[in-house]
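2 protein chains.
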Amino acid sequence: MKRTSSTLADGREILYYDLDDGAVRELVDPRRLPPVSTAPQLRRDPFLDEWVMIASHRQARTFLPPTDECPLCPSTPTRHTEIPASDYDVAIFENRFPSLSTRATTVGLTDPLPMVPMEAGFGRCEVVCFTSDHTSRFADLPAAHARLVVDAWADRTAELSAIPGIAQVFCFESRGEEIGVTLSHPHGQIYAYPFVTPRTSRMLEVARAYRTRAGSDVFADLLAAERRAGERVVADNDHWTAFVPAAARWPVEVHLFPHRRVGSIPELTDGERDDFVSLYLDVLGRFDRLFDAPLPYISAWHQAPVDDAEQLAHLHLQLFSVRRAADKLKYLAGSESGMGAFITDLLPEDVAGWLRDR
Amino acid sequence: MKRTSSTLADGREILYYDLDDGAVRELVDPRRLPPVSTAPQLRRDPFLDEWVMIASHRQARTFLPPTDECPLCPSTPTRHTEIPASDYDVAIFENRFPSLSTRATTVGLTDPLPMVPMEAGFGRCEVVCFTSDHTSRFADLPAAHARLVVDAWADRTAELSAIPGIAQVFCFESRGEEIGVTLSHPHGQIYAYPFVTPRTSRMLEVARAYRTRAGSDVFADLLAAERRAGERVVADNDHWTAFVPAAARWPVEVHLFPHRRVGSIPELTDGERDDFVSLYLDVLGRFDRLFDAPLPYISAWHQAPVDDAEQLAHLHLQLFSVRRAADKLKYLAGSESGMGAFITDLLPEDVAGWLRDR
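Protein sequence lines, in the order shown, are assigned to chains H and B. Quick note on numbering: our numbering labels position 253 of the first sequence as 253, and the sequence is numbered without any gaps. Quick note on numbering: our numbering labels position 65 of the second sequence as 65, and the sequence is numbered without any gaps.
One should not assume that every hint holds.
If several chains are the same, the list does not tell them apart, and a pair holds so long as it fits within one copy or across any two.
Simulated pairs of lysine to aspartate or glutamate, EDC-like, Cα-Cα distance not exceeding 20 Å [as the list claims (entries may be wrong)]: (1) Lys2 x Asp270; (2) Lys2 x Glu178; (3) Lys2 x Asp238; (4) Lys328 x Glu178; (5) Lys328 x Asp288; (6) Lys328 x Glu13; (7) Lys2 x Asp288; (8) Lys328 x Asp111; (9) Lys2 x Asp151; (10) Lys2 x Asp87.
Keep in mind the hints are simulated off the structure, nothing from the lab.
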C-alpha cells in the first residue's frame with residue numbers, strides 16, 4: 001500500500017491509498033474554492049447529559065447531483081471534482097460540509113444557558129471513496145481492493161486517534177437514498193469525535209457492570225454463546241463470525257465479531273483483516289440478494305474510545321437495514337424516537353435463516 | 001365528558017369519550033373477525049441492557065388504505081370499520097396489531113440465549129382517534145374537543161397505570177407519510193410498557209444526579225432559565241411555556257412544559273389542561289405554517305413511570321419534526337443510528353424566531 005497526502009484548493013487534506021506502491025497521484029487542485037466555512041458547535045443536552053452537534057452551515061450541502069456532476073468521481077480535463085486525479089484506488093478527504101472540524105471555533109459565542117454549555121465542534125469528518133467506479137458497490141470490490149479500504153480505515157483510525165482532543169473514531173458507510181444518502185458514488189465516512197458517543201458510553205458501562213458481576217467479557221461471552229447456539233449465525237471463518245443478534249433492533253441486522261478481542265481496526269493482524277474482507281463481502285452479497293434489490297444499509301464500526309485503559313470494548317461491525325420487506329421500510333416511530341424503545345417486526349432467527357439461504 | 005366502554009367482535013376493548021353527557025353509542029360490532037393473534041416478545045439486549053420488543057405478527061398490518069377504506073372512520077350501514085358507531089367524538093381501542101398485549105404469552109418459548117432473557121410482550125397498545133373527521137388535523141380541533149382528548153389521555157394513563165405489571169404509559173401522535181405513518185386519519189397511540197423505557201430511565205438518572213449535585217430539579221431549573229432568557233421561547237401562557245431546547249436534536253423541536261411540576265397528565269388541573277390546549281393548538285398551527293405544507297411530526301408525552309416515588313420526572317410534551325427545509329428531511333444517519341450522537345442542521349435560536357413569526 002502506498003499513501004500519498006496532498007491538499008485541496010481550500011486547504012482541506014486529501015489522502016490517496018494505492019494498491020500499487022509505484023502509483024503517482026496528482027497533487028494540484030486547480031479549482032478556486034471559497035474558504036471552508038465551518039462553525040460547528042457542541043451543546044450539552046441538560047436532560048440526557050449528552051453532547052449534540054449543531055452544524056447549521058450544512059443546510060446547503062450537495063444533494064443527489066446527477067452522475068456527470070458527481071464530486072467523488074475522478075477529475076477529467078474539463079471537469080474538476082473533489083478528487084484532483086484522473087483515477088484512484090481509495091481516496092479520503094476532509095468533508096467540505098463537516099459536522100466537526102479541527103478548524104472549529106466558538107470565538108465570540110457564549111453558552112446559550114449556564115445549564116447548556118457550548119464548545120467548539122472540534123473534530124474531523126472525512127469522506128472515504130471506496131473506488132473510482134461510480135456504479136460499483138462495496139460488495140463488488142475485489143478482495144484486495146476491499147482489504148485496501150480496511151488498511152485505510154486502520155491508518156485513519158490510528159492517525160485521527162493521535163490528535164489531541166479526539167476521543168473516539170467512527171468509520172461507517174450509509175447506503176441508499178431511502179436513508180437519506182445524498183451521493184450515490186460508493187463511499188463511507190469517518191467521524192473523529194471530541195467525546196465518547198452516547199451509545200459507546202452505554203455499551204462500556206454495561207460491559208463494566210458485567211465484568212464486575214460475571215468476571216468476564218460480555219462481548220466474548222455473547223460471541224461464544226452465539227457460536228455454540230448456531231441458530232443465528234449467518235457465516236463464519238477462522239477469525240470472524242457474523243450473526244443476527246438475538247435482540248436485534250433493526251429488521252435486518254448482522255454483527256461481525258473478530259474471535260480475538262481487539263479494541264480497534266489498527267490492532268487487527270493481516271490474517272484477521274483478510275478474513276474480515278472475505279466474511280464481509282459474503283454478508284454484503286447476501287444482503288443484496290435478500291429482497292431482489294440492493295438493501296439500503298448502515299455499516300457501523302464499533303471501536304474502543306481512544307482512552308481504552310480498561311480494555312472493555314470489543315471491536316465489531318454492526319450492519320443493519322431499515323428495509324423490512326421488499327416494499328416496506330422500518331421508520332423510527334414514536335416508541336423509538338420518543339422513548340428509545342425499539343420494536344422489531346421480524347424474528348431474528350427467521351432473518352438469520354433467510355440470509356444463510358441467500 | 002361521558003365515557004362508554006364496549007367490546008369489538010374479536011374481544012378487544014373500545015372506549016368512547018363524548019362531550020355530550022347524553023351521548024349514546026352503538027355497542028355491537030357486527031363483524032366476524034379472526035381472533036387477535038399476538039405473540040409479542042421482549043428480549044433483553046445484552047450489550048445495551050435494554051428491552052427490545054419483537055412483534056413479528058405486525059408485518060401484515062394495514063398500510064395506507066384508500067380513504068373509503070379507512071378503518072378509523074365511523075361505520076356506515078354498508079361498511080364496518082374498527083369503530084362500530086355512526087359517529088364519535090374521541091374513540092380509543094386496542095390495536096389489532098399490537099407490539100404489546102395483555103394477552104401476550106410466551107408459553108412454549110424459551111430464552112434465545114441465557115444471556116438474552118425473553119419475556120412475554122405484556123402491555124397494551126391503543127389507537128386514539130382524535131375526531132371522526134377523516135380530513136381534519138389535531139391543529140384544527142376546537143378547544144373543547146382538544147380538551148376532550150386531553151381528558152381521554154388522562155383517563156387512559158390512570159387506568160393503564162393501574163394494571164399490575166405496567167411500568168410506564170406513553171401517549172403520542174405521529175403524523176405524516178414521511179415518517180411512516182400508515183393511516184392518515186387524525187389519530188395517536190398509547191403504549192403501556194412493562195418496563196421503564198431507555199430514554200426515561202436516562203432522564204431520571206440525570207435528574208437524580210442533578211438533584212444530588214445542585215439540590216434542585218433539573219427540569220424546573222431549565223424551564224426557569226429558558227423563561228428568563230426568552231430567546232428560544234415560542235409562546236407561553238399562565239400555566240405553560242413552549243420553547244425550542246438549546247441543544248435540540250431535531251431540526252424543528254419544541255418542548256411544552258407546565259409551570260408546576262407534575263409527573264403525569266391525570267395530575268393536571270382543569271386550568272392547566274385548558275392552558276395546555278390553548279398553547280398546543282397555537283404551536284401546532286405555527287408548525288404547519290413553517291414551510292407552507294403540513295409538517296410531519298412526532299408529539300411525545302414524557303410522563304413519570306408508574307412508580308414515581310422519587311418524584312424526579314416533570315411532565316412535558318416533546319414535539320419534533322424531521323423536516324429541515326421545505327424540500328428536505330432529516331434522516332437518522334450513521335452518527336445518530338450507529339453512535340447515538342445527534343447532528344442538528346438548524347440553529348435552535350433561528351427555529352424559535354421563525355416559529356414566533358408564523
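Structure-based check of all given hints:
In the homo-oligomer, the alpha carbons of lysine 2 and aspartate 270 lie at most 20 Å apart inside one protomer (16 Å), although the nearest pairing across protomers, at 72 Å, exceeds that limit. When the C-alpha separation of lysine 2 and glutamate 178 is checked against a cutoff of 20 Å, the pair qualifies neither within a copy, at 35 Å, nor between copies, at 45 Å. With identical chains, the CA atoms of lysine 2 and aspartate 238 are never at most 20 Å apart, being 28 Å at best within one copy and 67 Å at best between copies. When the C-alpha separation of lysine 328 and glutamate 178 is checked against a cutoff of 20 Å, the pair qualifies both within a copy, at 11 Å, and between copies, at 13 Å.
Proximity of lysine 328 to aspartate 288 under the C-alpha cut-off of 20 Å is restricted to the intra-copy arrangement: shortest distance 15 Å within a copy versus 27 Å between copies. For the identical chains of this complex, lysine 328 and glutamate 13 are neighbours neither inside a copy (40 Å) nor across copies (29 Å), given an alpha-carbon limit of 20 Å. Within a single copy, lysine 2 and aspartate 288 get their C-alpha atoms no closer than 31 Å, and across copies no closer than 54 Å, so neither meets the 20 Å cut-off. With identical chains, the CA atoms of lysine 328 and aspartate 111 are never at most 20 Å apart, being 43 Å at best within one copy and 29 Å at best between copies.
In the homo-oligomer, the alpha carbons of lysine 2 and aspartate 151 lie at most 20 Å apart inside one protomer (11 Å), although the nearest pairing across protomers, at 68 Å, exceeds that limit. Proximity of lysine 2 and aspartate 87 under a CA criterion of 20 Å is satisfied intra-copy only: 15 Å inside one chain copy versus 73 Å between copies.
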